[in-house]
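Whenever a hint applies, use it, and build me the whole structure from the sequences.
Chains as they are written, first to last, in our numbering: chain A, 5 to 202; chain B, 17 to 297.
Honestly, I wouldn't trust all of these hints.
To be verified - Taking beta-carbon pairs under 8 Å as the criterion, some of the chain B residues facing chain A (in silico): (1) 196; (2) 200; (3) 202; (4) 267; (5) 268; (6) 271; (7) 272; (8) 274; (9) 277; (10) 278; (11) 279; (12) 285; (13) 287.
Claimed, not checked - From the structure, some residues in chain B lie toward chain A, with a derived Cβ separation under 10 Å: (14) 154; (15) 156; (16) 157; (17) 217; (18) 249; (19) 254; (20) 270; (21) 280; (22) 281; (23) 284; (24) 289; (25) 290; (26) 291.
Please keep in mind that the hints were generated in silico from the structure rather than gathered at the bench. From the three backbone atoms N, C-alpha and C, an ideal C-beta is built for every residue, glycine too.
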Amino acid sequence: MNAPATGFDTVPKEARSFHGQPAGLVTRTIANVVDVVVVAGLLGVVYLGISGVLFLRRGASFSFPIVTYRTAYIVGFVGWVIYMAFGWRTNGRTYGDHLLGLRVRTMSGDRVGGVRAVIRALLCGIAPLLLVWCAFSKQQRSVQDLVVGTHVIYDWGGSRSEVPSDDAVRVGVDVAAPVPHEPDDRDTEPVPRVDRER
Amino acid sequence: MREPESIPIHDLPSEAGRGSADAGPTATERGLDFLAGIVSFGAGLVVSTLDGGDEEDERTAGVAAFVAAGAGLFLEGLRAAAPMLGSIERTAGPKIGSSGAGETVGELLDHWRSSWEDRHEDDRQQAADEQLRTTFQRAVDTLLGQLDLTSLVIDHLDIQRVAAEVDIQAMVADLDMDALVGRLDMNRLLDGIDMDQLLDRIDMDRLTARIDVEALLDKVDMPAVASGVIEDLDIPQVIREATADTASEGVRDVRLRGVEADRAIRRVVDRILSRSNGDRP
Chain A
5 MNAPATGFDT
15 VPKEARSFHG
25 QPAGLVTRTI
35 ANVVDVVVVA
45 GLLGVVYLGI
55 SGVLFLRRGA
65 SFSFPIVTYR
75 TAYIVGFVGW
85 VIYMAFGWRT
95 NGRTYGDHLL
105 GLRVRTMSGD
115 RVGGVRAVIR
125 ALLCGIAPLL
135 LVWCAFSKQQ
145 RSVQDLVVGT
155 HVIYDWGGSR
165 SEVPSDDAVR
175 VGVDVAAPVP
185 HEPDDRDTEP
195 VPRVDRER
Chain B
17 MREPESIPIH
27 DLPSEAGRGS
37 ADAGPTATER
47 GLDFLAGIVS
57 FGAGLVVSTL
67 DGGDEEDERT
77 AGVAAFVAAG
87 AGLFLEGLRA
97 AAPMLGSIER
107 TAGPKIGSSG
117 AGETVGELLD
127 HWRSSWEDRH
137 EDDRQQAADE
147 QLRTTFQRAV
157 DTLLGQLDLT
167 SLVIDHLDIQ
177 RVAAEVDIQA
187 MVADLDMDAL
197 VGRLDMNRLL
207 DGIDMDQLLD
217 RIDMDRLTAR
227 IDVEALLDKV
237 DMPAVASGVI
247 EDLDIPQVIR
257 EATADTASEG
267 VRDVRLRGVE
277 ADRAIRRVVD
287 RILSRSNGDR
297 P
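Structural data, given as structure tokens:
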């Protein structure tokens with residue numbers, strides 16, 4: 005999905021059954037939590053960096069700068085928007101999305117543009133709870149998705165092959181066909197387990 | 017056309033002695049016979065010409081009948097006049113015969129009449145030959161029409177012996193194979209071939225055993241083929257894709273659990289909203 009087809013199906017085996025399908029509430033929430041932690045960590049690093057500069061300048065009179073809630077909220081909000089928009093614009097996903105195997109795409113499957121990424125990040129920062137709507141949406145799209153015309157899909161990396169693999173030919177699967185957003189077998193097909201012995 | 021025979025003029029005086037005292041035909045009678053032969057032949061010629069024409073109308077038939085009747089009357093007149101003229105000749109014969117002129121004229125007329133008769137005989141022979149040929153041809157046609165030559169050949173011809181005598185190589189060498197192949201409709205030919213049945217009859221093991229794979233591979237520029245394949249498949253891109261997003265075992269486990277949880281939530285919501293997969297709002 006994120007790379008031109010190479011002739012091989014490089015999607016991990018355990019993710020092939022749901023690759024490209026819209027992601028649900030749990031994974032997206034976990035991804036956002038991870039992103040919050042990452043942004044907080046980044047802001048903490050920035051705070052420590054600023055403190056280190058102040059220490060070098062003030063010497064014995066150094067004390068950690070006091071950050072008000074308001075400042076923290078504003079800085080945190082800006083940092084969040086920059087971080088999320090940058091991730092979606094460049095790679096289609098933030099670190100939290102990467103960890104959970106998600107990717108943000110437009111409804112036509114294209115990469116998200118800069119304006120859409122910023123608006124989406126702003127909406128996510130202002131009203132993150134609107135994400136819950138994806139659990140009730142037919143296409144599992146949150147309010148942010150509906151506003152900017154995006155959706156979040158499972159994407160563990162790799163790409164579908166244009167040439168059907170032997171497995172696909174054997175079971176009669178058209179791997180080049182676009183993946184439906186609402187597959188009928190989604191609720192009945194068991195999620196493949198990771199082979200822990202490997 | 018017969019060569020004209022020489023007239024035996026020198027022998028005539030020696031035969032003059034035979035005289036006209038014999039009871040045989042006189043010169044006048046022979047001359048009349050000869051004249052009658054000419055008239056008869058001419059009349060027959062005219063009648064046959066008129067009868068043999070393509071126009072078979074009544075006028076032509078009438079003319080032919082008239083000519084035939086006239087010729088017949090003339091001949092009868094000649095025959096009636098012949099005895100009378102013969103008697104006159106016998107009366108004046110000795111005087112004329114003493115001069116030898118009567119014998120000479122008689123011989124000449126005999127010679128002419130025999131020539132005419134020979135010629136007439138040749139024409140009749142040719143007509144008979146022609147009729148015989150036509151009859152024979154009809155007989156053969158009728159015979160062949162009655163015979164089933166195909167079954168006759170199949171029953172009585174030893175094809176194997178005939179084929180053994182045929183020089184196939186020479187025949188093939190004479191064939192213009194390019195023109196022959198050019199006239200073939202290969203697509204129709206191939207449509208008529210049951211490829212499955214054909215392949216079933218091929219012993220693939222024996223076929224592959226006869227292939228010298230080593231020699232085949234020696235002729236193949238493997239590095240060029242390999243580089244072409246790598247270029248087409250973009251192997252580096254494949255490796256990048258397969259490794260860039262590679263997640264650890266723990267991450268994969270978290271992802272799979274997340275997907276399971278998504279589906280569980282989905283099922284619960286569907287159950288609460290009493291909807292199936294197909295009628296979500």
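Do the hints match the structure? See the list:
1. 196: violated, 42 Å
2. 200: violated, 36 Å
3. 202: Given a least distance of 31 Å, the restraint on residue 202 of chain B is violated.
4. 267: holds, 6 Å
5. 268: holds, 5 Å
6. 271: OK, holds: residue 271 of chain B within 8 Å of chain A, min 4 Å.
7. 272: holds, 6 Å
8. 274: Since chain A brings a Cβ to about 4 Å from residue 274 of chain B, closer than 8 Å, the hint holds.
9. 277: holds, 4 Å
10. 278: holds, 3 Å
11. 279: Since the shortest Cβ distance to chain A is 6 Å, the answer is holds.
12. 285: holds, 5 Å
13. 287: violated, 11 Å
14. 154: violated, 76 Å
15. 156: It is violated, given that the least Cβ distance between residue 156 of chain B and chain A is near 73 Å, above 10 Å.
16. 157: violated, 71 Å
17. 217: Violated, about 28 Å.
18. 249: holds, 5 Å
19. 254: Holds: closest Cβ of chain A sits about 5 Å from residue 254 of chain B, inside 10 Å.
20. 270: holds, 7 Å
21. 280: holds, 8 Å
22. 281: This hint holds: residue 281 of chain B lies near chain A, its Cβ roughly 5 Å from the closest one there, short of 10 Å.
23. 284: holds, 9 Å
24. 289: Hint on residue 289 of chain B: holds, closest Cβ of chain A at ~7 Å, below 10 Å.
25. 290: For residue 290 of chain B, the interface hint is violated, since the closest Cβ of chain A sits about 13 Å away, which is over 10 Å.
26. 291: holds, 9 Å
In summary, the numbered hints that this structure violates are 1, 2, 3, 13, 14, 15, 16, 17 and 25.
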